[in-house]
Structure formats: structure tokens, C-alpha cells
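J.: Chain residues, written in single-letter form:
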Amino acid sequence: DQQVKQNSPSLSVQEGRISILNCDYTNSMFDYFLWYKKYPAEGPTFLISISSIKDKNEDGRFTVFLNKSAKHLSLHIVPSQPGDSAVYFCAASAEGTGRRALTFGSGTRLQVQP
Amino acid sequence: NAGVTQTPKFQVLKTGQSMTLQCAQDMNHNSMYWYRQDPGMGLRLIYYSASEGTTDKGEVPNGYNVSRLNKREFSLRLESAAPSQTSVYFCASSAGPPAGQYFGPGTRLTVT
Numbered sequence: 121d122q123q124v125k126q127n128s129p130s131l132s133v134q135e136g137r138i139s140i141l142n143c144d145y146t147n148s149m150f151d152y153f154l155w156y157k158k159y160p161a162e163g164p165t166f167l168i169s170i171s172s173i174k175d176k177n178e179d180g181r182f183t184v185f186l187n188k189s190a191k192h193l194s195l196h197i198v199p200s201q202p203g204d205s206a207v208y209f210c211a212a213s214a215e216g217t218g219r220r221a222l223t224f225g226s227g228t229r230l231q232v233q234p
Numbered sequence: 032n033a034g035v036t037q038t039p040k041f042q043v044l045k046t047g048q049s050m051t052l053q054c055a056q057d058m059n060h061n062s063m064y065w066y067r068q069d070p071g072m073g074l075r076l077i078y079y080s081a082s083e084g085t086t087d088k089g090e091v092p093n094g095y096n097v098s099r100l101n102k103r104e105f106s107l108r109l110e111s112a113a114p115s116q117t118s119v120y121f122c123a124s125s126a127g128p129p130a131g132q133y134f135g136p137g138t139r140l141t142v143t
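For the record, the sequence lines run as chains A and B. This note's numbering applies: residue 121 is where the first sequence begins, and numbers increase by one. This note's numbering applies: residue 32 is where the second sequence begins, and numbers increase by one.
The calculated DSSO-like cross-link candidates involving lysine-lysine, where the alpha carbons are at most 27 Å apart (straight line), are:
1) K158(A) <-> K88(B)
2) K191(A) <-> K157(A)
3) K88(B) <-> K125(A)
4) K174(A) <-> K158(A)
5) K176(A) <-> K125(A)
6) K125(A) <-> K157(A)
7) K158(A) <-> K40(B)
8) K191(A) <-> K174(A)
9) K174(A) <-> K188(A)
10) K191(A) <-> K158(A)
11) K88(B) <-> K157(A)
12) K102(B) <-> K88(B)
13) K40(B) <-> K157(A)
Treat the hints as calculated values from the structure; they're not laboratory data.
Whenever a hint applies, use it, and build me the whole structure from the sequences.
T.: What follows is the structure, encoded as C-alpha cells:
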């Protein structure tokens with residue numbers, strides 16, 4: 121029973137265009153959401169997060185949108201760069217459960233074509 | 032600033048052998064975590080430690096034990112390795128929201 125789902129295993133975009141990565145969740149107790157980026161043979165790197173009290177958070181080229189009623193969040197990367205090519209994981213946590221341990225989606229592999 | 036370090040980077044074990052994966056962080060974080068990642072799946076929590084001296088089970092704790100040796104170090108032990116434990120293991124630490132968890136580079140374990 122996957123509580124965090126990333127239904128697109130891969131995404132390919134042209135350099136300079138927008139990349140949109142999607143994530144759905146089922147647990148209504150989740151109140152904190154994060155995106156991680158992972159290169160091969162490295163650990164995941166924290167990118168951006170959003171609390172459930174917000175619907176948008178922006179950090180440079182990265183913006184995360186949260187739609188609580190749809191239990192959906194998305195990561196927008198604008199403009200996309202070849203160095204953004206990596207696997208992106210969506211993760212979520214609920215206060216009081218496992219001291220903020222994360223539940224991860226299965227990841228989306230982003231390829232940015234030069 | 033090393034962040035989160037893990038040793039070893041690679042390990043091959045035979046079924047039934049034991050080993051300990053080491054993890055250390057130098058960011059003065061209270062919380063530490065062990066995850067495993069299998070092909071096509073996200074990371075799954077094995078154990079976590081909210082603070083020195085405390086540990087709790089995560090989603091997939093069977094076959095593992097942990098020790099929070101001090102604030103910096105959190106080790107994961109496989110007492111009798113099984114092929115189903117072939118995976119990449121990641122250690123992480125956290126200071127809590129809004130910051131995320133910081134991950135080590137991983138240990139790739141193969142059990143034959």
C-alpha cells in the first residue's frame with residue numbers, strides 16, 4: 121500500500137523548458153512534503169519542502185505546489201538545465217510519527233536534453 | 032564539513048554472515064535514520080533514533096538491529112544476512128522541519 125506515489129517513472133524535457141514532476145499521496149495525516157534529487161551512486165539531496173499550511177514554496181528555479189484537497193503536489197523546474205538530470209523523489213511525513221521519518225515515492229527519472 | 036558519512040561503501044556477504052554498517056554525522060542533529068532502497072522503489076525506513084539513547088522501528092525492521100552509540104553515530108547490524116537484504120542502505124540525519132534530512136552516500140550490500 122503505497123502512501124506516496126509517483127506515477128511517472130521517467131520524464132524527458134528540452135533544456136530551457138519547464139519540467140513538471142508530480143506526486144500523489146493517500147495519507148491525510150501527512151503535513152510536510154519534500155523533494156529530493158538523487159544522482160547515481162550518491163545519497164539523495166534535499167531540494168525543497170512545503171508545509172501543509174502553504175500551497176506554494178519557491179526557491180530559485182524550483183517551485184513546489186501543494187493541492188491538499190486533491191492530495192497532490194508537483195515540482196516545477198524552470199528553466200530546466202542538463203545538470204538537473206537525476207532521479208527525483210517526493211517524500212512526506214506526519215508530525216508525531218517516527219520523529220519525522222519520511223515516506224518516499226518510487227522516484228521519477230528526469231532527463232534534460234541539451 | 033563532512034555531513035553524513037557511511038562505511039563501508041560496498042560489501043558482499045554470504046548468507047548467514049553478520050556485519051555492521053556504520054554512520055556518523057557532524058551536524059549536531061538529534062534525529063538519525065536508516066533506510067534501504069531497492070530497485071524501482073523509494074527509500075523505506077528501517078529504524079530511526081529521535082535522540083541519543085532512543086531507537087524505534089520503522090517500516091521494514093525485521094532482520095536488523097541498531098545502536099545509537101552517541102549523538103554522532105548510529106549503526107545498523109545484520110545478525111544473519113539473507114539474500115532479501117541485498118539493497119543500498121542510506122543513513123540520514125535531521126534537525127527537523129523545515130530542513131530536510133541529510134543523507135550519506137550509501138552502502139551497496141550484496142548477500143549471496
